[in-house]
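Protein chains in written order, with the numbering used here: chain A, 50 to 437; chain B, -2 to 288.
To be clear, the hints were calculated from the coordinates, so they are not data collected in a lab.
Hints are all accurate, no fakes.
Over the 12 Å line for every Cβ pair with chain A, so calculated as not near, a few chain B residues:
(1) Pro83
(2) Arg156
(3) Val160
(4) Trp169
(5) Arg235
(6) Gly281
(7) Pro283
A few chain B residues that face chain A, going by a derived Cβ cut-off under 10 Å, partial list only:
(8) Phe(-1)
(9) Ala8
(10) Leu11
(11) Arg115
(12) Phe133
(13) Ser134
(14) Gln137
(15) Pro208
(16) Tyr213
(17) Ile216
(18) Met217
(19) Ala252
Where is the CB? At the ideal position from N, CA and C, for every residue including glycine.
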Amino acid sequence: MGQKAVFGIILLAAAVAFTGCGKSDSDSIKVGVIAELTGDVPAVGASCRNAAEMAVKELNDAGGIEIGGKKYPVRIYIEDNAGKADQSASSAQKLITQQRVLAIIGPNASRYAIPASEVAESAKTALITPWSTTPKTTLDAKTNAPKKYVFRACFTDPFQGRVVAKFVLENLKAKKAAVLYDVASEYNKGIAEIFKETFEKGGGRIVSFETYTTNDKDFSAQLTKIKKASPDVIFLPNYYSEVPLQIQQAKRLGISVPFIGSDSWGSAELVKLCGGDCEGYYFSTHYAADAATPATRKFIDGYKAKYGVVPDDVAALTYDSFGLLFQAVKTAGKTDRQAVRDALSRIPNYDGVTGKMQFQEGSGDPIKSAVILQIKDGKFVWFANANP
Amino acid sequence: MFYIIQQTLNALQLGSIYALIALGYTMVYGILTMINFAHGDLFMVGAFLCFVAATFFHMSFIPALLLSILGTALLGVVIEKFAYKPLRQAPRVSAIITALGVGIFLENFTLALNPYPRFIPPLVCNLTWTFGELSFSLLQVMIITLSVILMLLLDFTVRRTMVGMAMRAISWDKSVAPLMGIPVNRIISATFAIGTGLGGAAGMMYGLAYPVIDPYMGIMVGWKAFISAVVGGIGNIRGAMIGGFILGAVEILVAAFFPSTYRDFVAFALLLVLLIFRPHGILGKPHAQKV
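Please take these sequences and the hints and turn them into a complete structure.
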């Protein structure tokens, strides 16, 4: 025992470490997924995981992606970010450095997508977030220039805020609106501010602009203030787990005006949690399961057969994110991170289940349209289309 | 005017729930000089029991309430027997760490069963009365009255019954009480049962008022109830009630006049300021440490 033994142990450790690295080089294309499997929005993470597994299974059953005359299967590595910003960043780090993935899909909620996108950007690895709509996700925090490696499969909040404001003014003919939003969450705050701006520009008046903080359960003080301002309509750009509480408490305080929401409402959980209190209200979102094209129909039926539920927008957007990535890999013709990123940034037209998408160099945001849905008999029903 | 009354009602509803939970902290502290940090999570268990009762067994209000109270009371007694009793002679800090551990165990056990937020179906019919601009619901009235009834019952038990007398005796001097023939272990179990049972009742009412429940719901509410207990003077039952209502009022007032982001820091700042001037809380009395 002594120096020799210590040296031997170091050698052995080094050998183990190196074989560990060498072994991971195989014949498959590795894609990382970061999903909110636990934490505050687990339904989002579950939809993302389901759609990811389905997209990859369909592709592998068909033999995989063809590159240079050879077909490569795709392997996914799913990481749970536990609904935490720091864990989202460390999951991205782990996928990039340890699993050596070609690209990352996810996280979905903006507050987790932003930290993960910073990591992906600095590691020069493409990241597609299916559901993060806040502009900041694809923009550099310091220079406000577009990030080079971060993409999304959905529209952005400014677009959505304008769509909802226009809908309230033109379709509902409302002139006085109140807003209650989570001031601690990037997504809610961004969309609330754009709604306010567009609504006031369009001749409407915001009579009450109230805030709360993530995980609050009691909104009675804010709702009492809103009631005093007597609005025609109340805009709640908040997550599906909180909206039912807000609507129920508002009703108990004697508020009877309609509520409007954004794409964060679009989970089947919303109707379950609302227990009938959300009937008749509208929200803007990415796709309507009932007004589907044949390709979308095929996706919906396949998803239903596999998981027993109608896919929500997160599932559809995750599926599209994979579609975009597969097309980019095919176009790139090699499994090189940079080449995939370059192909992704110039996708001329992708016909996804959430509609047609187009990417132009210089922005990670696709050009696509939105829909307005209404909650009717506990189901999301198509109400109107909104084009960019 | 209506606006002020409406906000007062909101404050009473929130305050009565904080007060009920604060009672659990204060009773356990009074008798064992230990802070049961698992109490917030027992409150969460109360809400989940109500969810189970309402969703799977389709119970109505009273049976669901009884299930929540008895279930959490039983759990409280079991936790005391297995986790806290073996540490009764150990340093206080060990017991507090154990309590934190039990709390995290309860959160993650519930999380492992089901990570999704759950919806409690309305057990109280959805009646709302409106007078001019003032609205109040049957649920609101029930929460406030039920809390007051439970608090009066507790006050009576502690001050007028043999069990209550024994509790006060143990809290007064733990080493002499058994010499007077007081069954210390049984009284401690009873204290845990009552304290956590009230927490369970609060969990159910909170679950009905804010019907989306999740495994982490007890953390912040638990901390706030703990603050209420300290503000009122921990160990003092009437103090815990007063503390709960004060905190409820402060939170509603802050959210009514400022952005609600200020709510928690104002509430916690209040605690700091109050403790500088009254280190033993509003009703707490300084104990002379006998050497």
